[in-house]
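Student: Sequence:
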Amino acid sequence: MLIMKNDSFDFMDVDPGNLVIFDPDVGDTHFIEEIGIDILNQIDGETDIDDLINSLSTIYDVDIEVIKKDVYDFINELIDKKVIIQL
Numbered sequence: 069m070l071i072m073k074n075d076s077f078d079f080m081d082v083d084p085g086n087l088v089i090f091d092p093d094v095g096d097t098h099f100i101e102e103i104g105i106d107i108l109n110q111i112d113g114e115t116d117i118d119d120l121i122n123s124l125s126t127i128y129d130v131d132i133e134v135i136k137k138d139v140y141d142f143i144n145e146l147i148d149k150k151v152i153i154q155l
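Heads up, the final residue of the sequence shown is numbered 155 in the numbering used here, and it's a clean run with no missing numbers.
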């Protein structure tokens, strides 16, 4: 599955390890921390989620099966909030 960030949202680094995402259409604000930021940084509309999981597995030296559900849950939450869009 390919995904991309919603260009209509504002992504603001407030300090290292914290990101604020603002939805100007409805006024919702979302707060993302370090691992979520690492996930978002790899969302480019071209990288498949399974490739993203493989990359995170390498970065954090964690077995793919350990993080797969958490990454999919996070991605699905962001899709539900329209922060990211499934292509």
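Keep in mind the hints are simulated off the structure, nothing from the lab.
Take the hints with a grain of salt, since some may be wrong.
[Unchecked claim] Quick list of in silico lysine-lysine cross-link-like pairs, DSBU-like style, CA-CA up to 30 Å: (1) 149 x 137; (2) 73 x 150; (3) 150 x 136.
Student: For each hint, tell me whether it holds in the structure or not.
Tutor: Status of the hints after comparison with the structure:
{"no.": "1", "hint": "149 x 137", "result": "18 Å, holds"}
{"no.": "2", "hint": "73 x 150", "result": "9 Å, holds"}
{"no.": "3", "hint": "150 x 136", "result": "21 Å, holds"}
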